[in-house]
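Number of protein chains: 2
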Amino acid sequence: MKAKKSGDFHEWYPEVILSSKLADYAPVHGCMVIRERGYAIWERMQADLDARIKAMGVKNAYFPLFIPESLLKKEAEHFKGFVPEVAWVEKKEGDGEERVALRPTSETIIYHMYSKWIRSHRDLPLKLNNWCNIVRWEIKQTRLFLRTREFLWQEGHTAHATPEEAEKQVADALDAYADFSEKVLAIPVLKGKKTRLETFAGAVYTTSIESLMPDGRALQMGTSHYFGDHFPKMFGIKYMSEADGTEKFAHTTSWGVSTRLIGAVVMVHGDDKGLILPPAIAPEQAVIVPVFREDSKEKVIGKCEEIRKRLEKAGVRCIADYDENHTPGWKFAEYELYGIPLRIEIGPKDIEKKQAMIARRDTGEKAGVAEAQLEEKVGELLKEIQTNLFQRAKKFLDENTITVKTYSELKTAIAGRKMAKAAHCGNEACEQKIKDETEGGSIRCIPLKQEKISDKCAACGLPAKYTVLIAKAY
Amino acid sequence: MKAKKSGDFHEWYPEVILSSKLADYAPVHGCMVIRERGYAIWERMQADLDARIKAMGVKNAYFPLFIPESLLKKEAEHFKGFVPEVAWVEKKEGDGEERVALRPTSETIIYHMYSKWIRSHRDLPLKLNNWCNIVRWEIKQTRLFLRTREFLWQEGHTAHATPEEAEKQVADALDAYADFSEKVLAIPVLKGKKTRLETFAGAVYTTSIESLMPDGRALQMGTSHYFGDHFPKMFGIKYMSEADGTEKFAHTTSWGVSTRLIGAVVMVHGDDKGLILPPAIAPEQAVIVPVFREDSKEKVIGKCEEIRKRLEKAGVRCIADYDENHTPGWKFAEYELYGIPLRIEIGPKDIEKKQAMIARRDTGEKAGVAEAQLEEKVGELLKEIQTNLFQRAKKFLDENTITVKTYSELKTAIAGRKMAKAAHCGNEACEQKIKDETEGGSIRCIPLKQEKISDKCAACGLPAKYTVLIAKAY
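Order-wise, the sequence lines are chains A and B.
Numbered according to our numbering, the first sequence spans residues 1 to 474.
Numbered according to our numbering, the second sequence spans residues 475 to 948.
Hint data in this document are derived by calculation from the structure and do not stem from the laboratory.
Among the hints, erroneous ones may be present.
[As the list claims (entries may be wrong)] Cβ pair distances, simulated, as ranges:
| hint | chain 1 | residue 1 | chain 2 | residue 2 | range |
| --- | --- | --- | --- | --- | --- |
| 1 | A | E242 | B | K771 | 19 to 25 Å |
| 2 | A | G315 | B | H595 | 30 to 36 Å |
| 3 | B | T837 | A | G315 | 58 to 64 Å |
| 4 | A | E305 | B | Q924 | 39 to 45 Å |
| 5 | B | K828 | A | G302 | 25 to 31 Å |
| 6 | B | I775 | A | G302 | 21 to 27 Å |
| 7 | A | Q46 | B | T837 | 49 to 55 Å |
| 8 | B | I793 | A | E306 | 55 to 61 Å |
This structure is a prediction, so every number in the text was calculated from the model and none was measured.
Heads up, the beta-carbon is just placed ideally off N, CA and C, and yes, glycines get one too.
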């Protein structure tokens with residue numbers, strides 16, 4: 001690692017990803033390869049999220065990559081929201097077929113199918129989730145994991161008989177994302193509603209979870225949208241009601257998180273030495289590094305293997321590195337770069353003392369642990385690291401979220417790379433003014449948990465409608 | 475179900491898929507939606523295959539959907555093999571970027587990355603697997619699961635220091651696929667090598683597993699290719715050898731299976747009533763159908779729930795259907811259509827007798843089982859069904875594989891929808907002649923396990939080189 005996180009964050013970020021081998025640049029502009037170290041993290045995220053999604057009664061399905069132009073255009077606002085970023089398939093000469101897009105999101109094709117499948121109240125709720133690749137032909141600068149022309153995500157799409165049931169689904173999905181983010185990724189988030197200006201194209205409202213990155217920019221970590229019966233009216237998703245036998249429109253939702261979350265983990269937890277992975281998603285939770293000379297080699301490796309097996313049996317994801325082409329010091333640096341939560345060092349003296357040295361990746365603390373206590377202590381340490389990473393990130397978020405009452409305070413906060421908490425009038429013109437005048441600060445959300453700051457809008461002084469969070473955003 | 479499997483197989487096949495809700499047609503020609511019932515089968519297949527892939531020391535990664543034209547064209551034969559089916563992204567005006575294809579397979583982009591990542595013998599073997607969607611803009615008639623413009627698959631790509639190691643990987647992958655097919659899908663397969671004419675574009679040789687479908691056509695179930703150092707030379711995948719310090723080219727392989735396997739399961743095991751799913755991949759292995767009148771309802775449902783929980787605890791994937799809008803008879807037909815291996819019926823009389831009636835989907839046999847023996851008996855029956863489905867399919871394969879010695883016998887066999895086992899001279903002209911003169915019969919493979927049939931080629935009478943399998947193919 002050459003770049004420093006605190007010094008040149010925007011050089012540090014790609015460097016840590018490339019050198020820890022999470023990902024690499026692909027030969028197509030704006031595209032990346034997720035390498036095995038990065039994909040193993042995604043597999044752990046997927047497994048956890050998939051269980052949460054299924055626990056909401058949602059089933060997985062697969063909808064096509066291709067969306068006919070006429071379907072994508074059916075909802076004008078939705079189409080307009082995506083049009084510059086849509087990639088199209090080249091027409092084959094003379095095939096007489098309709099032009100097709102690569103999915104920038106799948107509402108339109110899924111609703112087309114839902115209108116075929118939903119007939120009666122007995123077909124509702126219909127709750128499906130799609131794990132797939134998404135294409136948005138970005139014109140803005142792309143960034144590994146955060147903004148690429150292709151990315152992986154899950155998109156849940158549900159249809160319900162009543163608005164109440166649909167709105168509960170919107171909230172349940174957001175809660176699941178928030179819990180996942182905090183408990184699994186160790187990243188604290190704020191749940192909120194988007195302003196009209198930031199609402200997903202075609203939605204009645206959009207909710208999101210937002211977090212604050214070390215460079216003072218907010219990152220949208222996941223979204224959950226309520227569509228009401230807007231799309232069902234466009235696409236004819238109707239059902240025969242049980243109560244009065246009349247035809248009614250369904251109410252729909254969609255929600256998703258993507259491989260962008262890997263970028264969030266890198267940014268929030270990493271340091272100058274490289275990645276720091278929360279134990280819950282670390283493909284390897286502990287690495288054993290033997291320290292030996294030729295005469296103690298056999299004994300030390302034997303002990304390391306014994307301990308590796310014991311830890312594996314105790315459910316710890318543990319590897320050992322017996323490669324003699326590298327020094328222990330080289331290995332220490334390498335596994336710190338990879339962000340493995342615990343390093344276990346074992347040498348002849350440790351064997352004599354019936355102990356092992358354990359070093360924490362998050363704090364750098366190192367201490368001897370009696371062999372007999374290893375499983376217990378490793379388990380405790382992994383829990384502590386998971387908690388500590390969350391608390392560290394929470395402290396950063398709290399310290400960098402500043403309550404502002406005046407426009408000048410607001411501008412200072414954004415210029416100082418803070419997240420500003422401010423009263424707002426709710427007018428779009430005022431919202432746009434903030435965007436234009438604060439070096440790109442924008443209303444990230446209207447927190448679901450409202451606290452009263454002032455009667456007056458911090459930006460324009462008109463009566464305040466609610467409290468908002470304002471920051472620059474990724 | 476209207477169509478009969480034995481009568482009009484090609485109407486029966488899409489009908490059983492659509493009515494059992496495995497899949498539906500998408501609004502883009504040649505594309506399909508994999509519905510939740512179909513995707514749940516794919517998830518079970520994926521989990522099993524993924525464990526086998528990882529057991530070979532292969533890790534998952536994700537390579538982009540987009541391949542630059544120059545990369546795809548780098549190996550002329552490979553490109554020529556795919557060119558009519560390649561879909562391209564429409565160029566954005568004035569972006570000055572290269573034309574990009576949607577991956578029809580990922581050798582080229584993966585080898586481009588491998589050439590960056592592989593430097594030393596220490597970087598080998600490099601063994602990665604990609605679970606992804608593939609695009610082949612089919613011009614031929616498409617068929618649900620068997621031939622669609624987009625499908626899901628896994629593609630393993632490995633690079634090795636020596637040919638021996640690479641060839642072992644080719645064989646290991648093929649063995650894993652064969653074992654998976656026979657043990658999990660209950661479909662018997664034949665392992666073989668492809669003739670030059672049928673070899674994957676750019677490969678030194680291609681091996682495959684082939685099975686025989688009920689309409690007498692062979693289905694290629696999976697392939698495993700050896701590339702030697704052919705692609706490494708094109709793409710510059712070189713490593714510094716440990717032995718003599720010189721630069722050498724790596725040797726590569728690739729291998730894959732796709733959602734086509736779902737189509738194979740449908741065809742091989744299904745019957746006039748619908749699907750029959752092998753217990754190993756059935757999302758639900760047993761369905762409990764209560765039989766009650768109003769006065770026994772509470773008691774019967776209580777007992778059903780008790781049994782459902784017991785079976786769930788015993789590791790059986792079990793559901794129960796208490797819907798009062800449908801008769802038990804309606805439900806019997808519905809779950810037969812879905813192919814659930816076991817149906818458990820419970821009524822007041824069964825409760826009195828402390829038993830449940832269990833019906834097998836594969837044979838239709840139905841018998842009372844004492845409540846105390848339920849877990850044990852259900853476990854046994856699921857194993858028996860898995861075995862029986864395989865044996866049934868094996869019997870069909872054996873009975874429909876015919877040894878032929880003359881050209882007229884060969885023609886009769888293919889016209890009679892059989893798989894012919896014949897001696898062959900190994901000449902391409904003769905192979906092409908068979909294709910032209912036997913209503914589309916082609917050499918499916920040269921079985922790895924050779925048995926001698928004749929000294930003379932069945933088609934041309936010239937000296938025989940090996941024994942081949944000839945059939946019409948999907």
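Hint numbers contradicted by this structure:
3, 5, 6, 7, 8
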